[in-house]
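Peer 1: Each chain is listed here by its residues.
Protein chains: 2
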Amino acid sequence: MDPKLGRMTLKEWVAIESDSVQPVPRFRQELFRMMAVAADTLQRLGARVTSVDMGSQQLPDGQSLPIPPVILAELGNDPTKGTVCFYGHLDVQPADQGDGWLTDPYVLTEVDGKLYGRGATDNKGPVLAWINAVSAFRALEQDLPVNIKFIIEGMEEAGSVALEELVEKEKNRFFSGVDYIVISDNLWISQRKPAITYGTRGNSYFTVEVKCRDQDFHSGTFGGILHEPMADLVALLGSLVDSSGHILVPGIYDEVAPLTEEEINTYKAIHLDLEEYRNSSRVEKFLFDTKEEILMHLWRYPSLSIHGIEGAFDEPGAKTVIPGQVIGKFSIRLVPHMNVSVVEKQVTRHLEDVFSKRNSSNKMVVSMTLGLHPWIANVNDTQYLAAKRAIRTVFGTEPDMIRDGSTIPIAKMFQEIVHKSVVLIPLGAVDDGEHSQNEKINRWNYIEGTKLFAAFFLEMAQLH
Amino acid sequence: MDPKLGRMTLKEWVAIESDSVQPVPRFRQELFRMMAVAADTLQRLGARVTSVDMGSQQLPDGQSLPIPPVILAELGNDPTKGTVCFYGHLDVQPADQGDGWLTDPYVLTEVDGKLYGRGATDNKGPVLAWINAVSAFRALEQDLPVNIKFIIEGMEEAGSVALEELVEKEKNRFFSGVDYIVISDNLWISQRKPAITYGTRGNSYFTVEVKCRDQDFHSGTFGGILHEPMADLVALLGSLVDSSGHILVPGIYDEVAPLTEEEINTYKAIHLDLEEYRNSSRVEKFLFDTKEEILMHLWRYPSLSIHGIEGAFDEPGAKTVIPGQVIGKFSIRLVPHMNVSVVEKQVTRHLEDVFSKRNSSNKMVVSMTLGLHPWIANVNDTQYLAAKRAIRTVFGTEPDMIRDGSTIPIAKMFQEIVHKSVVLIPLGAVDDGEHSQNEKINRWNYIEGTKLFAAFFLEMAQLH
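Quick mapping for you: the protein sequence lines, in order, are chains A and B. Numbering follows my numbering, with no gaps: position 99 of the first sequence is 385. Numbering follows my numbering, with no gaps: position 6 of the second sequence is 292.
Just chain A, same shape as in the assembly:
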């Protein structure tokens, strides 16, 4: 085993700018480098590694970009043992120091026990914790209690492009011996108490483009006689959600699972210090005042967020421009039993309705650019019991049984294609700031998380 493993590797991995969201060649090269480095790490651990060529993707603007390979790796092949497959991703969200990062996002920097860097918690840190756990058994020259497989991708933040086809193709090959699937791509709900996750929301991402012409106008020369695209777009975006967070698209709540008394009780059992949560989030006031309402609106009700506008004036200063063509972006987090294609139709019809009432001469185009299903699991499956026992061993406490408001489409996909039980075992604390500026993972979480995974292997061996 490489003695550097686990000590310096997170720093090296964070240093690779593996941004899959911005579709430019430079970042794609970084993604390929990231996957090669990870494949090399796994090989040095003794794994049989395959890097699967994923071809390329066609972007809406006609550009073609190569997709980074997916790593399939195997360690151990003992038929008397259970086989646990770990899924992780090594691509990251965009990060630019000018946006408010206090340190270089691509230089892992420790401050007060916190390791700051893009991808530190989402998802490079947890992937390495799993690798570290495996290498601990290697270092102690102990047999692995379970057979381990890895599937590691580089396009998660861009919607796991082409991954589903691969899983479908490998269903009876790579996945044939897999008994359980573990993902560690979300966060605890507290700063110190571990959690197990049994459900995630889905996501449907929309663009709405309004075009007058492909050139901007001077607001003095044309202001007053145009159907201005920004006025149309602002009205369209303003029709989506009210000030209480209620989505205004007709029919959108029709398929949301009805709330039972039993379900409410599961929220009551969860420890959530609202004051601490509010403080660590640095939010003055949430839309709701009770723990139960907050959990339900993060987990079991849909939400709509407006992300921004492409094509308008977005820089400092005072430009007197009428943008000629603008693209609004928003997404709806989906919950059981909402259906992606029904939501697509409802949103499109709603926006067409609002737009037609404006009698604008501009052209509007609505597209759903991502559609990801929600996921929910059975909390009595073997690996849920094993994870609970491992958490008791390492942390001395019961875990919070939680869902995640974010989308981890791979969970739903594994459940539907591979037909094996999926569990999410997060390692990061609630304030890790995944996707935002100053993302971090705590040193403590990174180390205890490694122990948790090692204990989980032992418990799985017992329960299988």
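Hints listed in this document are in silico derivations from the structure and should not be mistaken for laboratory results. Hints are not guaranteed to be accurate.
For chains that are exact copies, the list does not tell them apart, and a pair is met inside one copy or across any two.
EDC-like cross-link-like pairs, simulated, lysine to aspartate or glutamate; straight-line CA separation at most 16 Å [said to hold, decoys possible]:
(1) K497 - D385
(2) K643 - D528
(3) K479 - E684
(4) K571 - D500
(5) K649 - E570
(6) K698 - E451
(7) K497 - E570
(8) K706 - E454
None of these values were measured; they are calculated from a predicted model.
Following the hints, put chain B in place on chain A, whose structure we already have.
Peer 2: Relative to chain A, chain B alone:
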């Protein structure tokens, strides 16, 4: 006289990236270089040139940036002649080839008789046409028919920072002998028929900032429980103007001058081929169908344009972010007799009203970052008559007597401080695309414009 003058100079001037809108040191250096080059050109023409140090400006973010000097220049001092002062500016709007420019915006490129480049028509071309007219008299070794003064600045696109103080200070010095003031910083209303401009709209530029925290959120982790700043901002911006272009701020139309029958007749007299105007603008349909309505809504009614949003996701791709802090930008073009400070109060009160009804826990801050008065002149002043005669001589036609929907605050300022008559004699065609991508001036307009200014000098000498 420098033989290159007028032939290569426009290309050289356009090559200087004198962007005053983006407050960054690099562009400020270019502005200083631009002013130095222009001062040198005027000196070689024989003018007495002063470059006035304008100090520096404090930006909202605390940064301090130097203001480029203002050029004051004089040619001729014959007390028996009239003195005409020409105002122009050599700063430009931002230009980035990636935004849809077909040629490098800072390389003057001739295609089919059109000279493309940022600043070609706004305002470097017209400034050079005036200089060329003067140098024509020099080249022919003829005396100038009038005394000429120049005031040339480099901050017009940023609101003519500190210029008013300078004009006030020079009122009884540089401006003491000035009889007439000429500006050529707008466009004709047609492609071929010249115009004289006797009024411009003002402008009040607003920012409205909505802040939850100074860091973005993940839309999965926080979507559903936040007062999202973008939802607030979209509602605020959506409350400003309806789909017919009517401004919804209470009281905003109260001070707009009442419309008289006589005024309507002036619009009827103007030649405007709506079909050609629509085609050259590449707009499928305007808000209004008649010539009179269109002219009135560009000239004598206020308009509101939403320019964009700073701080939200503005790039290609699908980022699942809830922006933590966003700044909306919009401006209102003002007409006689609207008052800048009244408008500031009305807009602020309206936005505070809309925001308070949302019960949002975010913080909102409204600022008016620019406030520029509208201007209107007496069309029977001497120089209006001289300009009409010069146009008949050079173009063989009567000019359109027009107003401009854009803001040329300096016109109003000269009228109020120097108390001399101001005229706007535009040279550029209606489709020049000032402030937008692919700005150009026609070679024909540039050359005939130079002749027009020379003829104007002769007519002024006769009428004075």
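Peer 1: Let me make sure I understand: some of the numbered hints might not hold for this structure. Which ones are they, in numerical order?
Peer 2: none
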